[in-house]
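Please arrange chain B on chain A, whose structure you already have, making use of the hints.
Chains as they are written, first to last, in the numbering used here: chain A, 1 to 255; chain B, 1 to 308.
Among the hints, erroneous ones may be present.
Label pairs and their in silico Cβ distance ranges [said to hold, decoys possible]: (1) B:Thr255 with A:Ser58: 21 to 29 Å; (2) A:Asp128 with B:Glu43: 55 to 63 Å; (3) B:Lys157 with A:Arg131: 22 to 30 Å.
Because the hints were derived from the structure by calculation, they are not lab data.
All residues carry an ideal CB built from backbone N, CA and C; glycine is no exception.
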Amino acid sequence: MQTEKEGHLEIRELTLELGGKRILEDVNIDFWPGHVHAVIGPNGAGKSTLANTIMGLSGYKEHQGDILLDGQSIKKDSIDQRAQKGITLGWQEPARYEGLPVSAFILAGAKEKTADAARDALDRVGLDPDRYMTRAVDRTLSGGERKRVELASILAMEPRIVLMDEPDSGIDVEALQRIFDAIQFLKGRGSTVILITHSLTVLENAEHAFLFCHGRLIDKGSVGRIANYFENQCTICDAQNGKEFRVMQPGKGEE
Amino acid sequence: MTDAQTIAGLYESLGIEEPDRETARIVVHGNRVVGAHLVPGLEVRTEEQIEGIAARIVVRAGAKIEKPVHLCFGMLPERGNQHIQMNVVAESGSEASILAHCTFPNAVEIKHTMEAEIVIEEGASYGYFERHIHGREGGVLVFPKAKVKVGENARFKTEFELIRGRVGEIDIDYETTVAARGVLEMVARISGSGNDQIRINEKARLHGEGARGVLTSYIAVRDRAHADIRNTLIAEAPYARGHVDCKEIVQGEATASAIPVVEVRHPKAHITHEASIGSVDRKQLETLMSRGLPEDDAVEAIIQGLLR
Numbered sequence: 001m002q003t004e005k006e007g008h009l010e011i012r013e014l015t016l017e018l019g020g021k022r023i024l025e026d027v028n029i030d031f032w033p034g035h036v037h038a039v040i041g042p043n044g045a046g047k048s049t050l051a052n053t054i055m056g057l058s059g060y061k062e063h064q065g066d067i068l069l070d071g072q073s074i075k076k077d078s079i080d081q082r083a084q085k086g087i088t089l090g091w092q093e094p095a096r097y098e099g100l101p102v103s104a105f106i107l108a109g110a111k112e113k114t115a116d117a118a119r120d121a122l123d124r125v126g127l128d129p130d131r132y133m134t135r136a137v138d139r140t141l142s143g144g145e146r147k148r149v150e151l152a153s154i155l156a157m158e159p160r161i162v163l164m165d166e167p168d169s170g171i172d173v174e175a176l177q178r179i180f181d182a183i184q185f186l187k188g189r190g191s192t193v194i195l196i197t198h199s200l201t202v203l204e205n206a207e208h209a210f211l212f213c214h215g216r217l218i219d220k221g222s223v224g225r226i227a228n229y230f231e232n233q234c235t236i237c238d239a240q241n242g243k244e245f246r247v248m249q250p251g252k253g254e255e
Numbered sequence: 001m002t003d004a005q006t007i008a009g010l011y012e013s014l015g016i017e018e019p020d021r022e023t024a025r026i027v028v029h030g031n032r033v034v035g036a037h038l039v040p041g042l043e044v045r046t047e048e049q050i051e052g053i054a055a056r057i058v059v060r061a062g063a064k065i066e067k068p069v070h071l072c073f074g075m076l077p078e079r080g081n082q083h084i085q086m087n088v089v090a091e092s093g094s095e096a097s098i099l100a101h102c103t104f105p106n107a108v109e110i111k112h113t114m115e116a117e118i119v120i121e122e123g124a125s126y127g128y129f130e131r132h133i134h135g136r137e138g139g140v141l142v143f144p145k146a147k148v149k150v151g152e153n154a155r156f157k158t159e160f161e162l163i164r165g166r167v168g169e170i171d172i173d174y175e176t177t178v179a180a181r182g183v184l185e186m187v188a189r190i191s192g193s194g195n196d197q198i199r200i201n202e203k204a205r206l207h208g209e210g211a212r213g214v215l216t217s218y219i220a221v222r223d224r225a226h227a228d229i230r231n232t233l234i235a236e237a238p239y240a241r242g243h244v245d246c247k248e249i250v251q252g253e254a255t256a257s258a259i260p261v262v263e264v265r266h267p268k269a270h271i272t273h274e275a276s277i278g279s280v281d282r283k284q285l286e287t288l289m290s291r292g293l294p295e296d297d298a299v300e301a302i303i304q305g306l307l308r
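Okay, chain B solo, but in the shape it has when bound:
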C-alpha cells in the first residue's frame, strides 16, 4: 500500500475529508510518518521508533496558526502497537490548536499509548482536541498520559472524545499545573458499551494567583461497561478558581464511579464540584417521549446530547 493510499484509508475511516493545503498536518501510520505539511511558525520534528514515533512540536513565539493543525494517528491492521512520544512547546504569545484524530477501525488487538509533555509559555494559547474512532470489536487499549505546564496568562484547552466505536480499554492520566492567571479547561466525552473499561485520572494544580481551571467529564456506559472517574483539582494560590464536573449516564448492567477530589490550600481560593451518576433523567426522557419518541430513541438522544 502506498503512503497516499494509507492516508486515504485513514481519512476514510475517520469519515472526513483530507485537509486543504493551507492546513498543517502530520499523518502517522503505525511507526511511520506517511504525510506531513507544515506552515510558518510551526516546527515539527519526528523520529520513527520501533513501535511508534517521537515528535517534537514547537509553535514559535508570537506565531498565530490560524487553522487547526491536523494530526492523524492510526493503524489500519487488526493488530499492533503504536506508541507516541510527544513533546510540545507553545512559545510565549503563540496561538495554535491541534485537531488529533486517532483511528483504529479494524482493531482486534491494538495498543495505543501516548506520553506527552506539553509546555505552554507565558501568554500562549494552545488547544488539543483528540477524537478517537474505534472499530466495533473494542480490541483497543488506549493509554494517553500527559504532563502539562500552563504558564502565566497562558491558556490550555483539551478535549478527548471517544463516541464512535467500542472503547475497549482506556486509561487517561493527565497532570497539569497552572501558573498565575493561566486558564485550563479539560473535557472528556466517552461512550462505553460491551465490556469496555474507562478510567480517567485528571489532576490539576492551580498554582499561581488568579489561576483558573475546569475539569469536565461526560460519560455514558451501557451493557456491562465500567467507568471510573477521578478528577482532582487543587487550588493553592489566592484567587485561584476552579470547578470539577462529572456526569455519567448508566444503562443496563453497566457500572460507574466518580470521585471529584477538590482541595483548597489558600483561604482566598475557591473550588466547586458537581457529580451526577445514574440512569437517564425521568423528566428528560418523558418530555421527549411526549413528543412521540419511543423510549430507546429518547434515551439515545439524551446520551448523544451529553456526549456532543
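With the rest of the complex left out, here is chain A:
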C-alpha cells in the first residue's frame, strides 16, 4: 500500500479521445500535495473524464501524455496499482452492491482492517455505526447514504490523493456539510483532495481552482477569481455538440 504522504500529481500534455471525439486536449496541471483543489467547468467540459483517466478506469487508459505521481509515471498502472500507491476516486453516483455489508465495503480498502476503523469512518460521515455496519450497500440505502458510505470507505483507506467527482450530487444540505467536514479532515491528514464540480458551493471548499471548458484547461488560480469568472462570464458557447471549438478567455469572454 501507500508509503509516505507527499502525493504530488502532475498531468502532462494529456490528450484523450473517446469514440473518435477529443474529450481532453493537451491538459497540463500540477496538483500540489496536501491541498484541496477544484476542477470546475460546465457539463461536458471533461472534468469527470480527467478524474477517470487519473484513476485509470477502463476506457480511459489509451491517452497521449503522461500522469506522474511524485515524479513517477503511473500511466501503465492498473486501477488497483494506482490505488495501492494512494490514489482513489469517489464516484458521482456510487455503485450499489447486493448483499455486501457496509462494514465489508469500508474495510475492503481500509488501511487498518478492524471493525473499530469502520465504525470511526462511519461516525465521521455522520452515519450511526450501530445502524449501518451490517446493512448492505444496496438499493435500501438512499443516494445520499451511499455517498456517505463511500466517503467513509475513502477515509478508512487514508489515501494520499482523493478524486471526488461531484461530491454534492444527490445529497441533502446536512450530508453536504458532513462531506465538506470530511474534505477538511482529509486535508488535515495531509491528503491531496481534487474536487470535480460545477458547483460554486463545492468550489468554496477548495484552495485552488482549475477551469475547464471543452476538454481544455483554460485558467487556474484563486478560488475567488475563478468562481467570479465561472459565475458571471462563463456562458454556453458554440463549441457544444461538435460545433466549432472556441476557447473561452477568462476576463475576455470567447475569442
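Below, chain B alone, put in the same frame as chain A:
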C-alpha cells in the same frame, strides 16, 4: 463410531457448535436418527427407511417455538444415498422456524433427495432455512422437492444456501399455493464451480385475495458450471402482489439462463420481475479496485456479497 461421535463429526463439518439444550434438534446420519431433542409444542415422529428417513413434524396450534429448531442431515462417508420424506404441519396460529443443515463433507458419490409436503395453517408462521455444506469434489446429487400450502394470513419463508464446497448437481423443485393474505418468500443462494449443474424450478400461485409472494435467486457460476433458473409466479386473485428476482454472476466459461415467468389472471393483481445475468458489474469492480483490491479479490467480494 458412536452416535455421539457421529453427531460431533457432523457438527464439526458444519463448522458450528452443537445447539444448547433449550434448542430443539434432530440429527440424521444416513438413515438413522442419531440425536433428537424436542421442546413443548413441537412434535416429531421419525421412521427409519432403507435409504433415509420419513419424518412428520407438527407445530401445535398456537405454539410459539422461540429458538430455531435445528435439523441436521448428513453423511460422513464418501458414498451413499439419503432420502428424506418430510411431512410438516404448522397448525393455526403457531410460529416456528427450522434451521436445516445438510452436510456431505467427504462426498464422492452421494445422492441426497428430499420430498416434502408442508402445510402452514391459518395465521401460522413457518420458516425453513436450509444450508448445505459440500466437499471439494462435487460428488453430490441434491434433489429437494416440496409442495407447500400457505393458509390464510399465514407466512412461509424459505432460504436455500449452498455456498461452501462444490454443488455437484442440484435440482430444486418447489411448488407453492398461497391463500388470502398469506405471504410467501423464497430465496436461493448458490455458488457453482467446476462442472456443477444448478437447476431451480420454483412455482408459486397467489391464489387468495391479497396474497403476496417473492421468489428470489442469487446465483454465481464460474469455471464450466451451468445454472438454469425458472421462477414462475402466478397471481389469480384481486390484490395479489408478487415479485420475481433473479441475479446471476457468470465467470470464466460458465453459462446461465434465467426465465422468470409471471402470469396475472386477475385485473387487480400485480406482479413484477427482474433478472440480470452477466459478468461482474464494471462499476462495482472498479470501485473496489480503486480502494486497492486486486481484480480477483474484488470479484470475490462482489460474489460473496451477492450470496450472503
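Tested hints:
For Thr255 of chain B paired with Ser58 of chain A, a C-beta distance near 24 Å keeps the hint of 21 to 29 Å intact. Roughly 44 Å separates the CB atoms of Asp128 of chain A and Glu43 of chain B, a value that falls outside the hinted 55 to 63 Å. Distance hint check: the CB atoms of Lys157 of chain B and Arg131 of chain A are about 24 Å apart, consistent with the given range 22 to 30 Å.
The structure fails to meet hint 2 from the earlier list, while all remaining hints are met.
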